[in-house]
Each structure stands twice: as C-alpha cells, then as structure tokens.
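A.B. asks: Take a look at the letters that make up each chain.
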Amino acid sequence: MITFDHVTFTYTDAERPTLQHVDLHIPEGELCVVVGETGTGKSTLLRAINGLVPHFSGGTLAGTVTVDGRTTKENRPRDLADVVGFVGQNPLASFVTETVEDELAYTMENLGVPPDAMRRRVEDAVDLLGLQDLRNRSLRALSGGQQQRVAIGAVLTASPRLLVLDEPTSALDPAAAEEVLSALARLVHDLGLTVVMAEHRLERVVPFADRIILVPGGGASLVTGAPEAIMQTSSVAPPLVELGRLVGWDPLPLSVRDARRMSAPLRERLAPMTPPQRPAPLTPTADRAPAASVQNLMVSYGPVVALDGVDLTIMPGEVLALMGRNGSGKSTLLNTLSGVRRPTRGAVMVEGRNPQSFRAADLVRHVGLVPQDPGLLLYGESVGAECDTADKTSALPVGTTWRTLDRVLPGMPTDRHPRDLSEGQRLALALAIVVAPSPALLLLDEPTRGLDYPSKDRLVHVLRALAQDGHAIVLATHDVELAARVADRAVVLADGQVITDGPARQVVCHSPIFAPQVAKVLAPEEWLTVDEVRQALGEVVPV
Amino acid sequence: MTRSAVPRRRSLHPVAWWVWAAGLAICAMRTNNPFLLALIGVVACVVVSARRSSAPWSRSITFFLRVGVLVIVIRIAIEILFGQRGVPGHVLFTLPEVPLPSWAAAVSIGGPVTLESILDAFVLGLQLAVILLCFGAANSLASPYRLLRSLPAVLYETGVAVTVALSFAPELVQSIGIVRQARRQRGIATTGLRGMRGVAVPVLESALDRSLQLATSMDARGYGRRVSVGSTSRRLASSATIGGLLLMAVGIYGVIDGGSLLGLGLPIIAVAAVLCGLGLAVGGRRTARSRYRPDPWRQPEWMVAGSGLVALVTMSVAHALDVPGLIVSFSPLAFPTVPLLPVVGILLALVPAIAAPNPNLVAGSAPDGGTEAGEPGAVTPRRYRDPVDADLTGVPT
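Going down the list, the sequences are from chains A and B. Under the numbering used here, think of the first position of the first sequence as 1, with each following residue one higher. Under the numbering used here, think of the first position of the second sequence as 1001, with each following residue one higher.
Hint data in this document are derived by calculation from the structure and do not stem from the laboratory. Treat the hints with care, as some may be off.
Unchecked claim - Here are the simulated distance ranges between beta carbons: (1) A220(A) - L1236(B): 51 to 61 Å; (2) H25(A) - R1226(B): 28 to 38 Å; (3) A1207(B) - G39(A): 16 to 26 Å; (4) L1166(B) - E381(A): 30 to 40 Å.
What the hints assert, rightly or not - With a straight-line Cα cutoff of 20 Å, these simulated SDA-like cross-link-like pairs (lysine to any residue) come out: (5) K73(A) - G1224(B); (6) K73(A) - P1152(B); (7) K73(A) - F56(A); (8) K392(A) - R1180(B).
Quick reminder that beta carbons are idealized off the backbone N, C-alpha and C, glycines included.
Sequences and hints are given; from them, build the entire structure.
C.D. replies: The following block contains the structure:
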C-alpha cells in the first residue's frame, strides 16, 4: 500500500536530513503505529505519505514514496486526496466549514462525487463514527473527542484506502481517546482500511497495533516489526511493557488483559508487601497555613455553569492532580486560582489574599500558571532573551531564570528561537519562567501533551523536587500515568463539581477510567508504577 | 434511512431572502415619502422577527437598526450645523453664525434653522436608514455560509476564502484574550505600546500557524483540483462575465433612477444576467466540484423572492403612472399624501412572514452555532481548551 524507497528528506536550511535512507513497506489492511521520541521525524514521515512533505513543507526529498501505485513526485496532496485521508494534530484548526454535515461532505465536493453518492457516504460515516446527534451542530461547539471523530469522518467519506493520523488522542481524556481508537479499530477490521498513526501515549494505542514503526532519530534507520518484538527493546514503551520487561514475561503482554492473565505469580509475590505510601494529605492548622483555598466557588459563562460549589484547600508541598473529562471545569478552576477569572460566587484565596487583588508584577511571586500551550508565554527572540525578560519583569537578580532553566533541563541552546524548540524544551522554558520567582502555588494545565517518555520522566523529577521545596502544585491532566507517578492527592471533577477528593493512590486505583496500567494489572493491590514494583522486588531475579 | 423520519430543519434559500430584501431596498431608494419609508422598515422588521433563526448572525438586525438611527441623527445634526440658508420657511431657532472667509462662501456654519430643512434632512436620513435596514434584514435571515455555498462554481474559491475569514475574526479576538491572560501570568503589563507588541506577536504567530494548518488540511482534502480546459472557453468565460457585469451596472442605474434610459432598465438587467450566467457556467467547467445537498428552490422561495419583486414592480408602475406622493417636498410645508398602490405593494412584502418556513419550529435538530459557538466568556480559549464549550452544553458524548 505504501512504499518508501530510499527516501532521504532534508528541510531547507537544516544541517542534516530528518529522514535518512528510509525503506519502508506497509501492506494493506494494517494498523501501524509510528513511535519515537519528539523531534525524530515522526510527523515528517507521516506527511511524506501524502506528499505534504515536500510539496507543502519545502525541503529536498530524494528517493520515491509510492502510495497505491502513485508517487508523491507526480501527485500533489490534493491529487492523492481520494487515496489518503490525512488528519492533522489539531482537528479544530483543520476544519473548513461550519457544521458537522458540511464538513463531512467537504472532501467529496472537492473530488466531484455525485450528489446521491455523497448523501449515502455521509450517512455511512455518521453511522460508523456515531455522529448521529451531532450532524447539525457547529464544529466549534463540539468536545475534543467529538471533533476528532468528525475529522476522521470528514476524510473517511472520500473513501480513501489509507488513513494517516498525527497524534489522534493526545488532547483527549481517557474515555474520549477510547472512543476514537475503537472507531479506528473498527475501520481496520470491518473495512480493511490501512491506518498509520503517530502517538506518544503508547499505553493507549499499542494494544490496537498490528505493526510498530520505531523512528530512532539521529539518522539511524527505522525499525519495523510486530509490537511484541519492537517493544522488547524500544526506548519508548508504555508502563505495561516496562512491567513485563522487569518481570521477564514472555511473550510480552501488550494489553491489560494479557498481562492480567500472566500476573498471578507476581501478585502472589507482591501480596505480603505493601506499596510505599505517600504522605497523607495535610490539613491546615494554626501554624500551617494553606497555600491556596477556594470556598463554595461558582464560575459561570453566561448561562453555562463551569464550576458549581467547589471547596478545596491546597497545602504547601502538596502535588494535586486535577482530573476529569474534557469540559469538566479543570481549566476554569486553574484560571480562577491564578486570578485570571473572577469567580461568579464564592471566595478564592492564594496565601491569604484574593489573587485578583495582586498587581501583575506581584502576582508572579504568589501564583504561576503554565498554560496548555506553553508557547503562549513565550514571545522573545531567543531562549536567552526570554530569560532576561523574565528576570526583569519579575524583578529577580540577573540570571535567576537561566539558572532555574538549567536545573529543569540542562543544556538548553541559548540562541535558539522559542518556536524552534521541541515540545519538551518549550515546556521546560515556560516552567522555568514561571517557577523562577518562586510562586507559592504552581499550576500546570495539561503539561504532558506532545511529550515523549524521557521528557515526561524529567518533568516528574522536576515537579517532585519543586514540591519538596514547599511549592504547592496543582496539575490538570488527562494523563493517568503522570498523575499516578507524581501526585499525592487526586481530585476528580465532573460537571463542575468535585466528585472525589483523596489520596491519589486510592482515588485512581478505584476508578476504571483513571487507573494506570500497573494498577489495573495488579488490582486489588494498590501499586501505581513500575518503579514501585521494581523497588519492592529489589534486584531479585525475574519471577 | 432512519434519519429521514426526523424532519431536517429547512432554511430558505439565502438568495430568495436577498432578492426580497433587494426589492424592498430599491423601493426605498425610489421614494422619499416618510410614511412609505417607515412602512418598508416595519415590514422588514416584522418579517425578521417572525422568521429569523437562533444563529449568531440573526442578531445583526439590531446592529443595523442602531446604525440607522445614528444615520438619521447625524444627517439632522449636519443639517442644523451646515445646512443651506436663505431658504424661506418656519424658523425654529437661530444658531450664532460663524463668519467664514470669502473663498469658503459655499459653506455656512450656523444661522437660522427652519422646520422644512430639518424635515428634509430627516427624510433623507430615514431613506438611507431603511435601505440599511433592508440589508440588515437579509443578513439576519440568510446564513452567510449558505449564501456563499450558492455561489457559482467559478467563484467557489473566493467563497472559501471569505468563509475562512468569517470564522477567523472571532478566533482572533479570542486569542488576544488568551495571550493577555498569559502575559498577566508572567507579570507583564498588557497595555501601552510595548505591551501591545508583546500581545501582537504571539497572536499573529498563532494566526499564521492556524492558516498554515488550515491550508495543509484543505490541500490534503483535495481543494483546488482542476480540470484543464481550452483557452477559447476561458476567454469566452471572462469576456462574457465582464460584459455582463458592466451591463448590469448600467441596468441597475436605469432602474434606480427611473427617469433615464427610457424604462430600459429591467430589460438591460435581464440581458446582463444572461451574459453573467453564461460566463460563470463556462468558467465553472474548470473545477470538477459537486455540491452536497444544495439548497432547493421551491414554492416558498418563489413566494419570498416574488413578494419582494412585486413590491418593486408596483413601485415602478406607480412611478410610471405618476402617482402623487412618491416624491414629496416639505417646502412649502405640507402633509404628504400616502399613495395607495405602493402601500399595497409594500404590504405584499409581508408574505414571507407566513410563506417562509420557520427555522425555529422543527424538532429533532439542535440549533447550530449560536449560543454554544459564540460562547459568552469569549476568553475561554480554544487552545487553552477548557471549558464549557463542549460537554456542558448538554449533548451526550
């Protein structure tokens, strides 16, 4: 279906090629997952399939890419639109029309499909992807999972033989991700479609994959193979695989179900041990003031209530994971805590004061927010300039931000433009800028979007260190594995109300949606991470 | 198909609304009788209130109403300050006169203000306000997106550009809000020249980003696929279109002015329309596009467009018959007569209030856009992806 024949691709002005001597063959009817660390060229590989690279990106491509017998040299992306359906990272940015139904028909209109065929195919896509209730709605009013499904439907109606998706689930909550992935699996199994997707959250996609393409980066050649084989040695691997490698399971389990079946001996061995307990949530006393608190907080946008009677106290040194569906009010709570949004009712206190009463320059010493898109905080010409500005605006001694950055992520290039940094580097820079004035309350909105496993590891260490220094940290996240590793306490929001608030271990282990993979395998014992299991087993020989 | 059991919300063909509104607007251009003008305005408002949907653009009528009032006020104010002097009439009050040098003799500031001149100014302002109101009515009744969809194939690409621009503006406003918040988080002022630069750079960067992503997606989805056609037909298409447009301008002038061109206005417009249609049809062959569920043109469309045209025709007939009261003068001061024929014609333009399908009545389909899309908080950010815009609006996931 797809053949890469000796493909080498170099972006204009780049020093070395992003793809080097790539030989790849993807047969029909497979679900392929492209994995690798950030910046290794996964997106470039995906975009080369339908010719967006190089027709749209510029740069030089040597070798040939053939899709369904057509080369990208002779066919532009628009000419391949009937064979390849391409869904980019941000579905909302890719929508052309206004309503769901028009969007579903858009590709077909361009291809000149006859009207009655269009009608039929739109109905089929609506049924396949479960869009019945959405067909007349405005695209902008949909949730993330719904948007992703519409984006898939919109390319599917052109009946392509091949779907290419760039990180289809990274912005989604666990339930919505499940929804999208099962729709994709159905397309592969029922229609024999070929699907190629890149994804960082391997724990979500690996169980569905027929084949994995590992992009090691640094000019090394691609490794292609069955998931079991690749995962034995891959540098990026979901927790389940790490657990399997640790214990020496063979064949390596890829789904929770497989692992669960093999885990009886391990569970027996772990039975006498108890998972390490994180400190119990603190309570405020006379000499221990909370870092922040909200009381009976209500926030509404016009008629829509985003937060409804929320009570929360956050102590210094605490890491709190805020979880819940897209649209459950997580970001609104962060915005309210950071003084951006005025509560409709109720009180917000940060270090005993209403965050809205701080002057902009003082605010940074009390509360800092790293937004979902860290790039929003960055507008300087270079990393160095960015650090200098931060020192100046926060009235810090010269070099403070730079030193903080060096602690968060050593070896950042000073002269690089912030837009040319990788996701991980950008997050590190934004984090350093926010942390440098040492705010008592640190808020992070969905910090792991687009991060690979090594960057995530680093983030976990940095956050734990910051908590030990006495910062109170609140992170809103869909990433259950991150929450399991870093949080002391977990709060689940639904429909703007707190439905659970307690020690992270108990909260996530008892939820089928928010439980990390290790907890699912080892239930009912409350183990959260591979590291905990590793420590418990010591350096003992595999079971 | 199971869906067909649920009636699809039927919205009237946007072109029908525009024809109706244009008919009324041209009527308003051809009379200065304040009663007729007021009647036209009332008819437009009644139809809008009866048949507008809950979409965001439906509220634009209030905007046009306000602009209309403003136009009248400004017109009267200008008349009071700079109006023509020396015309006999009932003096209401006298403003102190400002002496101007002799080379500016044509302009006068201040002086006696007469009732007649104010009435004249009011009627001129009212005429403009009613014309604006007619366009406002069309805007409120017809979805701009659906109107663009009914553009001929050759103009399709322009249409897409306009659609994208339409959806882009509110996003720009949103992203300015987000960036300002983020900068406050960094302890940076967001006002003043430096602050503006700091806001503008990230906003433009994200705008650029979005355009690139959109362009990528459009290309990957087959936008701009072409069929090659010969140069003869291309030349034929462009000359027919340009010639048609020129004739159209002449014809419209003839219709509006009435006196000139010996009543040839309508026939010239007809010829021009045929030429334009030919040009667009030939030009459209270059794109191999097809159209998904084009808006049908059925009886309600005929009724709506027809009622606007009937109003226009009665007005033209009244002109041809020299019915008194179409063009009134307030010097000498006199109560204008109200001619019956145009009144009947204008009242017929009320037909759409009943004949057009009611967009709010149909069960089984949520109103699109509107409240959810134009999300009240405005600062609730697309990229900051929180809120409220999604699951809270009550549609089950």
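A.B. asks: Which numbered hints are broken by the structure, listed smallest first?
C.D. replies: 6
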